[in-house]
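Novice: Residue numbers (full-length UniProt numbering), protein chains in the order written: chain S, 1 to 295; chain B, 1 to 440.
It should be emphasised that the hints constitute simulated quantities derived from the structure, not laboratory data. Check the hints yourself; a few may be wrong.
Only pairs whose alpha carbons sit at most 27 Å apart, straight line, appear in this in silico DSS-like list of lysine-lysine [unchecked claim]: (1) S:K46 / B:K163; (2) S:K202 / S:K148; (3) B:K370 / B:K298; (4) B:K7 / S:K9; (5) S:K156 / B:K370; (6) B:K426 / B:K57; (7) B:K313 / B:K230; (8) S:K57 / B:K90; (9) B:K313 / B:K76; (10) B:K336 / B:K163; (11) S:K46 / B:K334; (12) B:K134 / S:K148; (13) S:K156 / B:K420; (14) B:K436 / S:K57; (15) S:K46 / S:K57; (16) B:K243 / B:K299; (17) S:K156 / B:K426; (18) S:K137 / B:K189; (19) S:K56 / B:K426; (20) B:K313 / B:K274; (21) B:K316 / B:K134.
For reference, the chains in residue letters:
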Amino acid sequence: MQKVLSDKKTILLLVLPGLLIYTFAILFPIILSIYLGMTDWSGIGKPNFIGLENFKKIIFSDTTFWKSLRNAIFLALAYVFVQHPIALIFAIMIDKIGGKPEKVFRTIFFIPCVIPVVVTSRMWVSLYDPQYGLINKILDFLHLGFLKQQWLGDMKTALISVIIICMWQGFGWALLIYYAGLKGIPEELYEAARIDGATGFKLYTKITVPLLKPVIKVNFTIAIIYALKQMETVYLTTNGGPGDASQFLANYLYIRAFNSYQYGYANAISVLFVIACLAVNIFFQKIFKSENYEF
Amino acid sequence: MSKRTLKVFISVLLVTVMIVSLLAGFQGTFTASASTKKTVEIKFFSNLPDRTSNQGKLEQMLIDSYMKANPNVKIKVEALQDEPYKQKFKVYVATNQMPDIFMVWGQPSFFLPVMKGGYAAEIKPEQIKNYGFKTSSLKDFMYNGKIYGLPRNTDFMVLYYNKGLFSKYNVKVPTTFSELLDAAKVFRKNGIAPIAINGKDKWILAILYQELVVKESGDQKLIYDAISKKSVSKNQILLKAAKDLVELVNVGGFQDAFVAADYGAANNLFAQEKAAMYYMGSWEVGMAANPNFSDSFKKNVDATYFPIISGGKGKKTDILAWHGGGYAVSANSKVKNEAMKLLLYMMHPTRWAKIGWQQGLVVPGQNWEKFMTGKETVLQKKLTQIFSSATSVSGTVWQDAFTPNFKTEAETLCQMLVAKAITPEKFLSKIEELAKLEVK
């Protein structure tokens, strides 16, 4: 057996299926996408090669592209600076509660993640409804009627409303990953810190957060990729509207390809989209480059 | 296991896998060729997934009756909603696997590339000699003087309204734009949404804009000409119409957050009698008989012309009307003749038009007045009257008359206009920019 497995031909034979799948499912589409990005293909008929025309147009004159990218970055920032701190605090609280309530809360917070995005998005559309929606009703009840908004229908509130939905939908995942990270920190470390005189808040800033660094890094990276890829929620709530106020890259790309029949252009967007994702991730890898704690 | 036996084992395994997969491939071709001899299978691609009401019901009825009359024909229906339909259609085109008969939108933004690409089979005029299609209704299904598709419906825009709500609040059904604004104010005051509209879908806003342009100018061609000649931004009538639209928004003429409301939401608002009016096309004719709606609503629903504008040149009978949906046969179909027979069977005036009209399912593409029985619903009668009194019709609406990207962008601009993200002046200059880019 050992001999067979070290035979070069066998190795090739065994690696080949994986290699083929990788080539045809990943490598080939990417190359094709780059090629199509340099054409004016409409999806019907033959593509004409137009060089970097699409890329130029996107970078220099497509305001919606930049707005979509900006919105995606807003969403990423909202994840990192709003959703994640809250998720971490909740993870710590759940961890501290212990016993049965711990399981109950863990489940409750994770429920939104198991419900299909279609369902939760429609639910939020109902909540936001200016006539029947719960949010405006509650504001009325609290005599805060002046705060009532046409949430998804107003240029000023559409983006933030969509971001809130996204944060809510992804909250369970963020929480669960932090929670799992917390479970991995040995209790002795806290004890040792306490003996050294650390208490309360300091315990968290000096022990928990530094030790969670790898988890935070993973969680941030996931959040940022998720923000850039955001499509379903936007498509199901505002479809980028009003105008392009709440447009996101993936949804914009989709509209270009399937509504405008500009497959070439949409492919060019997708190439830039991949580059943007890579750039943001490299940036984050750099930030978190410092040493990891061993325990 | 010795090295030799293992090698043999691996080889046998690989060969088996290869043979099995090859056979699977062959099997497909064998069954396909065998079936053409005995029974014919026609692939039917439709945009009507609901097979139990409205047009979908009619389509399925005709397919079933055709299969009954021709036992050797098996029709396989694949039905998807509009958007997924358009996507899958593209996939079929790209992979050259067009279904034998498929639904098309008779709009240059959809059907023209299909006709140009040679994907649709030609329909000879003598084949549809007694079918009652007017040449004008075939216009957008023709390319280079040849017919490639048949329209199934007549689509036109009307203002549906709720009689009950108008009499309850003592409001006159508007015949002029200023009466419409006044009515809107009264309904607003009483917590009723004046006009329900699906602003998230955008296209309806572009159509409404065109309606206002026609009512201002009395000239159906104006908007198309202005775009073709790229002289949009200086046109005072186009500007006035854009301002009218914004004014309607400013008085609260539509339900709250109407830019985020989709088709179903707007339709429900009207059907639940929470909105007094509903700007929509004739395809909603079935509302008056829809078993899902309340009796009170069905008793109260009515339709009228879109109001004229005092000072404008348009008459109430200048309406927006076109032939949207239709069918075509694939040019490369293996069962082209059979598919064509099916198409001609379905579109025969005694079938789609007569059955569809008499069951209150559609407003057909062919003349339907000869099929009237007197048992029509209020909406059927009103719509017939509105359409037959038309003094001019628009044809394909403006945003669909050019390229697909023109449509997407123009509709988005209309939404930005009503969301007040851009001013009417900016709206027009943006449309002009777009025209320069997209219209050759």
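Novice: Name the hints, by number, that the structure is in violation of.
Specialist: Structure breaks hints 1, 2, 5, 6, 9, 10, 12, 16 and 20.
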